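Peer 1: Please construct the entire structure, taking both the sequences and the accompanying hints into account.
Start counting the sequence shown at 29; every next residue gets the next number (my numbering).
Hint data in this document are derived by calculation from the structure and do not stem from the laboratory.
Keep in mind that this is a model prediction, so the values were computed, not measured.
For every residue, glycine included, the Cβ atom is placed at its ideal position computed from N, Cα and C.
A portion of the hints provided could be inaccurate.
Said to hold, decoys possible - Here are the in silico distance ranges between beta carbons for each label pair:
# : residue 1 : residue 2 : range
1 : Gly-82    : Gly-47    : 32 to 40 Å
2 : His-64    : Asp-125   : 51 to 59 Å
3 : Thr-54    : Arg-151   : 33 to 41 Å
4 : Glu-61    : Thr-145   : 40 to 48 Å
5 : Ala-158   : Gln-39    : 34 to 42 Å
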Amino acid sequence: MIVLAVLRHDQRLADMAGGNDISATTIRCWRDELIHLLAAKAPRLDRALKKIAGRGCEVVLIDGTLIPTQRRTGEPNRTNDSGKHRRHGLHVLALTDERGRLVWISAARLGRTHDITAARRDRILAHLRAVGLGAVADLGFLGLDDDGDVLTHIEATTDN
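Peer 2: So this is what it looks like as structure tokens:
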């Protein structure tokens, strides 16, 4: 229960350790172990896309989002700052089927990570092409694909 409180409420390890008479190192080990167990249960991207393609879907919806976190002090935590959202957090990509049901979610990245950068690191385009799926995305993915596998809406021009 302590680890769930740490993960759910973004509690500092030292605070939870002191209140429960155990060391912060023990809680850190428990937290890391639980994260690895949950990650092992998560579907892999290639398997999730094969399952969607097997159901007859032709496209997936892809979007990136920032999960807000409390700002920690110090130089190392500046990488979690998202200039776009003007807050600290972790960036994740989510793929859903045509009905909006969650199919896959990426590992959390630094808050400053852009949608297109995360998609390239996860090789989403290659996985989509391997199973013959397309994607519908927002302007954060503009320029990801020149072949038309990823559809984004047209950016408005500034001249009227």
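Peer 1: None of the hints should be skipped; say for each whether it holds.
Peer 2: Results for each hint:
1. Between Gly-82 and Gly-47 the beta carbons are some 49 Å apart, a value that contradicts the proposed interval 32 to 40 Å.
2. For the hinted restraint 51 to 59 Å between His-64 and Asp-125, the CB-CB distance of approximately 27 Å leaves it violated.
3. Taken as a hint, the range 33 to 41 Å holds for the pair Thr-54 and Arg-151, whose Cβ atoms sit roughly 37 Å apart.
4. Between Glu-61 and Thr-145 the C-beta distance comes to about 29 Å, which lies outside the given range of 40 to 48 Å.
5. Restraint check, Ala-158 to Gln-39: a C-beta distance of roughly 41 Å satisfies the suggested window 34 to 42 Å.
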